[in-house]
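Visitor: Build out the structure end to end from the sequences listed, making use of the hints.
Keeping their order, the protein sequence lines are chains W and R.
When we follow the UniProt record's numbering, the leftmost residue of the first sequence carries the number 1, and every step to the right adds one.
When we follow the UniProt record's numbering, the leftmost residue of the second sequence carries the number 1, and every step to the right adds one.
Incorrect hints may have been included.
Claimed, not checked - On the chain W side, residues computed to face chain R include the following (Cβ under 8 angstroms): (1) GLU88; (2) LYS92; (3) ALA95; (4) SER131; (5) ASP133; (6) PRO159; (7) TYR160.
Unchecked claim - Straight-line Cα separation of at most 27 angstroms, DSS-like style, residue types lysine-lysine; simulated pairs: (8) LYS282(R) to LYS201(R); (9) LYS89(W) to LYS688(R); (10) LYS688(R) to LYS771(R); (11) LYS374(R) to LYS308(R); (12) LYS128(W) to LYS755(R); (13) LYS125(W) to LYS666(R); (14) LYS128(W) to LYS374(R); (15) LYS404(R) to LYS655(R); (16) LYS57(W) to LYS92(W); (17) LYS128(W) to LYS688(R); (18) LYS92(W) to LYS664(R); (19) LYS691(R) to LYS650(R); (20) LYS451(R) to LYS466(R); (21) LYS201(R) to LYS249(R); (22) LYS354(R) to LYS476(R); (23) LYS688(R) to LYS403(R); (24) LYS125(W) to LYS655(R); (25) LYS92(W) to LYS451(R); (26) LYS125(W) to LYS756(R); (27) LYS320(R) to LYS665(R); (28) LYS374(R) to LYS404(R); (29) LYS92(W) to LYS282(R); (30) LYS31(W) to LYS210(R); (31) LYS688(R) to LYS92(W); (32) LYS771(R) to LYS70(W); (33) LYS295(R) to LYS383(R); (34) LYS92(W) to LYS383(R); (35) LYS128(W) to LYS752(R); (36) LYS374(R) to LYS466(R).
To be verified - Over 10 angstroms on every C-beta distance to chain W, these chain R residues come out as not near it, computed from the model: (37) ASP119; (38) LEU425; (39) GLY479; (40) HIS616.
Derived by calculation from the structure, the hints in this document are not laboratory data.
Heads up, the beta-carbon is just placed ideally off N, CA and C, and yes, glycines get one too.
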Amino acid sequence: MILVDGITLLCNDLQVDPQDIVMLVVSWHMKAATMCEFSKQEFIGGLQSLGIDSLDKFRERISFMRAELKDEQKFREIYNFAFAWAKEKGQKSLALDTAIGMWQLLFAEKQWPLVDHWCQFLQAKHNKAISRDTWSQLLEFARTVDPALSNYDAEGAWPYLIDEFVEYLTENGIVQNR
Amino acid sequence: MTMNERKTIDLEQGWEFMQKGITKLKNILEGLPEPQFSSEDYMMLYTTIYNMCTQKPPHDYSQQLYDKYRESFEEYISSTVLPSIREKHDEFMLRELVKRWSNHKVMVRWLSRFFHYLDRYFIARRSLPPLNEVGLTCFRDLVYTELNGKVRDAVITLIDQEREGEQIDRALLKNVLDIFVEIGMGQMDYYENDFETAMLKDTAAYYSRKASNWILEDSCPDYMLKAEECLKREKDRVSHYLHSSSEPKLLEKVQHELLSVYANQLLEKEHSGCHALLRDDKVEDLSRMFRLFSKIPRGLDPVSNIFKQHVTAEGTALVKLAEDAASNKKAEKRDVVGLQEQVFVRKVIELHDKYLAYVNDCFQNHTLFHKSLKEAFEVFCNKGVAGSSSAELLATFCDNILKKGGSEKLSDEAIEEMLEKVVKLLAYISDKDLFAEFYRKKLARRLLFDKSANDDHERSILTKLKQQCGGQFTSKMEGMVTDLTLARENQTSFEEYLSNNPNANPGIDLTVTVLTTGFWPSYKSFDLNLPAEMVKCVEVFREFYQTKTKHRKLTWIYSLGTCNLLGKFESRTTELIVTTYQASALLLFNSSDRLSYSEIMTQLNLSDDDVVRLLHSLSCAKYKILNKEPNTKTISPTDHFEFNSKFTDKMRRIKIPLPPVDEKKKVIEDVDKDRRYAIDASIVRIMKSRKVLGHQQLVLECVEQLGRMFKVHNTLFSFLFFFFVFVCESFVFLNLTTLALNEMLILQPDFKAIKKRIEDLITRDYLERDKSNPNMFRYLA
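Guide: As structure tokens, then:
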């Protein structure tokens, strides 16, 4: 198993910050089960699928992997992958702090103007773990609903938390009454 | 005279003879001195025609006679009739017309009799109009066609005069209008096209003018009075001289101009409109308003809306009043439903009575208004007051009526009426299941502690609830009432058993009430360490119970027992009525002089909450049975307690109350939990059968399913509980365990609640979202 120390070394060699989002992409390629851990299978398997057999090649592939985040389809896969990867082993939901950290990271890549409000809202009103459904639906929400919420369908199947978020935005005047 | 001998009548000749007859007739009609036709005259005229028609050609003059018949009319009309009418105007013209028409009809009748033979064969053979028709057509084509416009105008002018209050000759108008009808010879076309249309138009214009004035000057009630009067008069007009077929059209026009056009302005008049009338209880005006507006299309919609708004506002004001009163209460009394809330419920009932009467009387029981009343009440009846939901308020209200020493002192009839009304109010409350729980808890208290004032009333309200909400709503409560009767029988057999087995007697008088778990509310059961004497009692009863049945389990709930203890104080022995918990604590002092808080807690095996409460009641309340060190007002875990031998009271027997724990939160929690289970079950049931379903549809089906009452789980097992009473060093305990049978009355389930449960089921892997359409769900087997 490669653990935290090993990963730090790897990042040094790659000249990449361990907090860099590209490490998430790497983990995705490796189908890593948990963050900050790579099993031998995951590591070797990931490298093979990326066609990497040397450190130089690895460094080259970094920019490729960064570009992958721009692809809509791949971003969605990476985003959804992040949930299982970031949560504690054996837990069904993702701890709020971790979730917020991940969201900050992910939505820095794919701009979403409401991300800060979302995080504030969660800390003020929710204070509990995030379910998988909420996690994945949030991406859809960010993708399809415009920041002024003009095309938000209150009768839709959005998770309860997202409905609450919309209410929060309207109540606090962040978004005009629809 | 035979046919062969009959002399041929020449046309000229024959007509000359006929002409005499016609002239005679005209004279009679003109009023000139002229003797009436004798039978012979008539016969001669008739026969002349007959002969002239039956002669052999070329002397059969049927066609010529037919034409001459018509020409006679034409001539007479042109020369005499028309000029006489033309030279007159207005009412005089109308009179002349009526006279001339009447005369004309007579003339037609007579002449057609003279010429009758033509009617028999000639007209049929040639398919020509009959004589009667010919005669009338002449009048129509010559007189009517020229004059009907003038006539119409004259009539309408008279009508308008009558409307302004003048007296007119109604009989004349009736006669004139009869002409319009009769001239149609069976069809109403002439009447409708040549008179009615214009009359209706004029009527509309007339009332439009009037209304535009009245609406500015008059208050709503005054306007309505005028409108009603106008409608009455127009109806009257029809019955006197217009044709009956005009009535609906006429009234419709008047209603349109007076009411439809100005409906909103009228209703919304600032100080006299619908709102104001409701506010000032103007029942008569409102009745009139209903009568008038019910006639125009959709006229009642705005009225019923204003009614609904008004009732809602009144109700909401009551809520606010109660809230304000409650917020002035002292903080520690906040959670208890107090007097203000009782008053609130009573006022709501009064409000309902008042406006139901309105619906029945002013609004003639119309469904639209029943609906408005219902919707209004649903709005404010679901607002709680001072932290208590309306369901709880109603339940407490019932409790006060039904219990002994309740705050409502009423006669039997008044109670029945009141209960009836309360049940009606329940229809408006959406959390009916919450009401059921609260009611059940309070019913349990009344039954177990013998606080019910009247058995009949208890049963009566259950019957009413059953009628309103169905059998499942009341089945548990009915079970509770029945249980008590059975329990008494059971106690009797227990006493028999004891007398038959004197060895078994525990030496303490013991009364047990055995109840069926499923019916009663859930009570928490703690493992109280009973004093030895009581333990024996429990065992004895258990043995007895084994003889009756082996298939049931007994669970004891000590928290509801009562005990009578004899306290041997220095001054005198006093009987103390206490709860089992308190008794257990007190009996500890039989073997120890002084005990600490922790010792008591350990020995009794109760929670901190319970220990604090019971020690407080024994040492810091009205009766100090125990001395506390230090002598503060509250219990703390470092306190020590001693039996207070110096205690004295002038009463021989005192009751030491133990204040009950607040049930409210628990009730609400229980109901919420039940609801969650029900929603989950419903969603799973639906998804299992549909496999894939869209979000909206799932929610809708769920709402539909939950709207009906249904059982969620079945009886898993039944428990019985027992209730004992002893006298003299006695104690009572009550034991009960609930059953998982839950009945739910979710009549207006919450969309949000359903959504939350769907998400929970996704997390628990019962459902998943469809990959391509997040609005669809799939069932995961």
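Visitor: So, for every hint listed, does it hold in this structure?
Guide: Here's how the hints hold up against the structure:
1. GLU88: 15 angstroms, violated
2. LYS92: Because about 6 angstroms separates LYS92(W) from the closest Cβ in chain R, which is inside the 8 angstroms limit, the hint holds.
3. ALA95: 15 angstroms, violated
4. SER131: 5 angstroms, holds
5. ASP133: Holds, about 5 angstroms.
6. PRO159: 6 angstroms, holds
7. TYR160: 5 angstroms, holds
8. LYS282(R) to LYS201(R): 35 angstroms, violated
9. LYS89(W) to LYS688(R): Violated. LYS89(W) to LYS688(R) sits at ~31 angstroms, over the 27 angstroms cutoff.
10. LYS688(R) to LYS771(R): 19 angstroms, holds
11. LYS374(R) to LYS308(R): Answer holds: LYS374(R) to LYS308(R) is near 9 angstroms, not above 27 angstroms.
12. LYS128(W) to LYS755(R): 18 angstroms, holds
13. LYS125(W) to LYS666(R): 25 angstroms, holds
14. LYS128(W) to LYS374(R): Roughly 41 angstroms between the alpha carbons, so the hint for LYS128(W) and LYS374(R) is violated.
15. LYS404(R) to LYS655(R): This hinted pair holds, its Cα atoms lying about 17 angstroms apart.
16. LYS57(W) to LYS92(W): Violated - the C-alpha atoms of LYS92(W) and LYS57(W) are around 37 angstroms apart, more than 27 angstroms.
17. LYS128(W) to LYS688(R): Outside the cut-off at roughly 30 angstroms; violated.
18. LYS92(W) to LYS664(R): Given pair LYS92(W), LYS664(R) is violated - Cα atoms ~34 angstroms apart, limit 27 angstroms.
19. LYS691(R) to LYS650(R): 75 angstroms, violated
20. LYS451(R) to LYS466(R): 23 angstroms, holds
21. LYS201(R) to LYS249(R): 11 angstroms, holds
22. LYS354(R) to LYS476(R): Violated, at about 34 angstroms.
23. LYS688(R) to LYS403(R): 48 angstroms, violated
24. LYS125(W) to LYS655(R): 49 angstroms, violated
25. LYS92(W) to LYS451(R): Distance of about 51 angstroms is beyond 27 angstroms: violated.
26. LYS125(W) to LYS756(R): 16 angstroms, holds
27. LYS320(R) to LYS665(R): 23 angstroms, holds
28. LYS374(R) to LYS404(R): 33 angstroms, violated
29. LYS92(W) to LYS282(R): 65 angstroms, violated
30. LYS31(W) to LYS210(R): Measuring from Cα to Cα gives roughly 86 angstroms; hence the hint is violated.
31. LYS688(R) to LYS92(W): OK: LYS688(R) and LYS92(W) at ~24 angstroms, within 27 angstroms.
32. LYS771(R) to LYS70(W): Holds, at roughly 21 angstroms.
33. LYS295(R) to LYS383(R): Measuring from Cα to Cα gives roughly 37 angstroms; hence the hint is violated.
34. LYS92(W) to LYS383(R): 38 angstroms, violated
35. LYS128(W) to LYS752(R): Judged against 27 angstroms, a Cα distance of about 18 angstroms means the pair holds.
36. LYS374(R) to LYS466(R): Cα-Cα ~20 angstroms, so holds.
37. ASP119: The claim stands: ASP119(R) keeps its Cβ more than 10 angstroms from every Cβ of chain W (closest is about 79 angstroms).
38. LEU425: 32 angstroms, holds
39. GLY479: With a cut-off of 10 angstroms, GLY479(R) remains clear of chain W, as the shortest Cβ separation is near 38 angstroms.
40. HIS616: 36 angstroms, holds
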